[in-house]
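Undergrad: Protein chains in written order, with our numbering: chain A, 1 to 205; chain B, 1 to 218; chain C, 1 to 244.
Be aware that one or more of the hints could be misleading.
Said to hold, decoys possible - Pair ranges (Cβ atoms, derived):
| # | chain 1 | residue 1 | chain 2 | residue 2 | range |
| --- | --- | --- | --- | --- | --- |
| 1 | A | GLY38 | B | LEU157 | 42 to 50 Å |
| 2 | B | LEU157 | A | SER146 | 55 to 63 Å |
| 3 | B | LEU185 | C | ASN176 | 12 to 20 Å |
| 4 | B | GLU88 | A | ARG112 | 31 to 39 Å |
| 5 | A | GLY38 | B | LEU32 | 49 to 57 Å |
Please keep in mind that the hints were generated in silico from the structure rather than gathered at the bench. By construction, the Cβ of each residue, glycine as well, lies at the ideal position given by its N, Cα and C atoms.
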Amino acid sequence: MTLSIQNLAVARGGVPVLGNVSFAIAPGQALILRGPNGAGKTTLLRTIAGLQKPLSGVIEGADETIAYAGHADGLKAMLSVAENLQFWAQVFGHSDIEAALAAYQLGPLIDRLAGTLSAGQKRRLGLARLMVTGRRVWVLDEPTVSLDADAVAMFAAAVTAHLGAGGMALIATHIDLGLNAQTFDITPYRATADTRSGASDEAFL
Amino acid sequence: MIALLRRDLMLAFRAGGGFGLGLAFFLIVTVLVPFSVGPQSELLSTIAPGVLWLGALLACLLSLDRLLALDFEDGTLDLLATAPLPLEAALSVKALSHWLTTGLPLVLAAPVLGLMLNLAPSGFMWLIASLALGTPALSVIGTFGAALTVGIKRGGLLMSLLVLPLYVPTLIFGAEAARRGAMGLDPGTPLTLLAGITLGTIALMPFASAAVLRMTLR
Amino acid sequence: MSLWEYANPVKFLGLSARVQPYLWAAAAICVVVGLTWGFFATPDDYRQGSTVKIIYLHVPAALMAINAWFMMLVTSLIWLIRRHHVSALAAKAAAPVGLTMTLIALVTGAIWGQPMWGTWWAWDPRLTSFLILFLFYLGYIALWEAVEDPDTAADLTSVLCLVGSVFAILSRYAVNFWNQGLHQGTSVPVATGGRTVADVFWYPLLISMVGFGLLFLSLVLYRTGTEIRLRRTRALLARSRKDV
């Protein structure tokens with residue numbers, strides 16, 4: 001199953017930001033999204049994750065296959081690390097959280113309440129959540145924010161292992177993860193007068 | 001679904017979860033009533049069913065703005081929307097956990113407060129019955145209001161404005177059943193209508209709630 | 001040539017600009033004739049005296065208060081199904097007009113009720129239903145104001161209008177059940193085709209009702225035009241900012 005994006009146009013708050021975006025990710029591959037702040041990376045990722053509708057274009061292979069991680073980790077401060085992970089595992093119909101705990105070295109923190117973790121530890125927990133979903137495509141928005149070098153290495157290892165098992169990853173990031181992955185710069189796809197059709201306010205012009 | 005319910009209940013019971021807040025509010029409102037209308041037991045006895053129903057309704061309303069707002073802020077709603085669980089089911093579970101942590105304690109506490117307001121003895125059973133039947137509707141309708149206003153900064157007040165008119169039929173039938181019960185009349189008709197409203201809202205409102213939540217997340 | 005062509009904002013504005021002068025004129029004539037005739041050229045009621053004359057304001061306003069909500073329901077459905085912006089904006093434009101009509105109906109009702117029933121307000125089913133309708137209008141308008149993104153606001157208010165309509169009807173029956181009222185039966189029973197008002201009162205009342213209907217239509221067209229221009233300005237601003 002390949003994730004394939006064809007001629008996708010996306011809008012933020014009704015205003016088109018990107019147009020004509022096309023790419024494909026095959027099993028075992030990762031794609032790094034690059035582009036300046038405000039270029040539309042988050043909007044693109046949210047659209048692919050199914051959180052918003054595209055203006056036009058086709059997204060194939062995204063049904064029930066995507067695990068999305070945005071700027072917020074969806075953690076509950078009053079639940080422990082294990083409880084947070086277990087909850088997401090159960091929502092996705094799994095129960096095994098050991099591998100995820102091991103990959104991000106969360107074992108010693110297992111009984112700590114998520115609210116008492118440092119920002120980097122929270123992020124590690126948020127990323128560990130991806131592993132318990134069992135989803136094949138990871139769509140990650142700036143996953144390395146507030147991670148130190150060791151934690152980035154853990155993350156890179158986790159992604160590599162995921163790809164090795166036939167998974168896919170689409171990652172918006174500014175730092176070099178040392179992954180064997182193609183990069184995709186979205187700057188040239190900024191919405192222009194030609195690719196802007198379909199915007200919600202178009203009828204008013 | 002069970003995982004979500006368990007998590008919500010766990011969160012409600014842990015520190016800062018707000019469990020018991022609605023109950024305390026219910027208690028205070030009921031205690032304030034005699035101060036405002038006077039201590040005559042005749043008068044209190046007459047208004048007791050209505051006061052208890054109104055107190056329960058306001059207590060339900062109080063905890064609604066936490067129902068989805070917290071999950072919205074920490075990103076849980078985004079993640080839930082991409083999870084295999086349909087949003088309709090997730091919101092039904094949310095409403096259920098709201099009822100278990102707010103509605104059910106109110107139902108159980110109402111008879112005690114009924115004693116303090118000098119509720120007629122024949123009214124206790126019908127008060128409990130009407131609250132038990134009616135509060136689920138309050139939770140489900142409230143979930144819709146919470147979903148409507150979740151993306152709005154300081155949406156709590158707006159939510160009250162939107163939800164309270166929707167509570168009118170439930171309140172009328174519920175309080176009417178309790179009142180008739182207390183007066184020794186037959187509460188069958190309002191109770192049946194109340195049950196109809198509750199079942200109807202449980203069946204249909206989650207779809208409306210999920211629809212507006214998707215619109216907000218988009 | 002389909003009616004949906006006018007869902008295009010530009011076409012809508014064009015048509016609306018062409019018909020509006022006639023609509024305003026017709027509304028003004030009907031309202032002035034209906035009210036003048038009603039106030040000065042009809043006899044006093046043998047029981048109610050001259051107080052009955054407030055009927056020429058009360059009934060048309062009440063009629064439009066309900067019809068405005070009904071119009072909002074229809075336009076909300078059109079927005080949800082066909083996503084025509086004009087439809088959503090028409091619903092937005094109609095809400096304050098409906099709110100005002102509800103307020104007029106409530107206030108004139110209170111003024112009328114005072115000499116007739118000896119009280120400004122009673123928890124009569126009809127009065128109470130109108131009060132609930134008033135609250136629904138308030139909530140609907142407040143939601144429009146609170147949501148920043150105009151399309152999301154249109155979506156959310158449309159669903160609120162749908163759900164609100166169901167609950168408004170439920171409330172109507174609940175209120176009827178809760179208290180049988182003082183209010184007289186309807187003056188214009190549409191369902192039975194008959195009427196309870198004598199001819200001398202009926203014709204000016206009919207003209208007033210038509211006048212209020214036209215007035216409502218003119219106001220909604222005018223306000224929808226304003227909303228469309230506002231959206232257009234915003235769209236143009238957003239574009240020009242992006243191109244810099």
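Undergrad: Against each hint, give a clear statement of whether it holds in the structure.
TA: Right, here's what the structure says about each hint:
With their beta carbons about 33 Å apart, A/GLY38 and B/LEU157 fall outside the hinted range of 42 to 50 Å. B/LEU157 and A/SER146 have their C-beta atoms about 34 Å apart, which leaves the hinted 55 to 63 Å range violated. Range check, B/LEU185 to C/ASN176: Cβ separation about 18 Å, and the 12 to 20 Å hint holds. The hint said 31 to 39 Å for the Cβ distance between B/GLU88 and A/ARG112, and at roughly 34 Å that hint holds.
The beta-carbon spacing between A/GLY38 and B/LEU32, approximately 52 Å, falls within the hinted interval of 49 to 57 Å.
Hints 1 and 2 from the list above are not met by this structure, while the remaining hints are.
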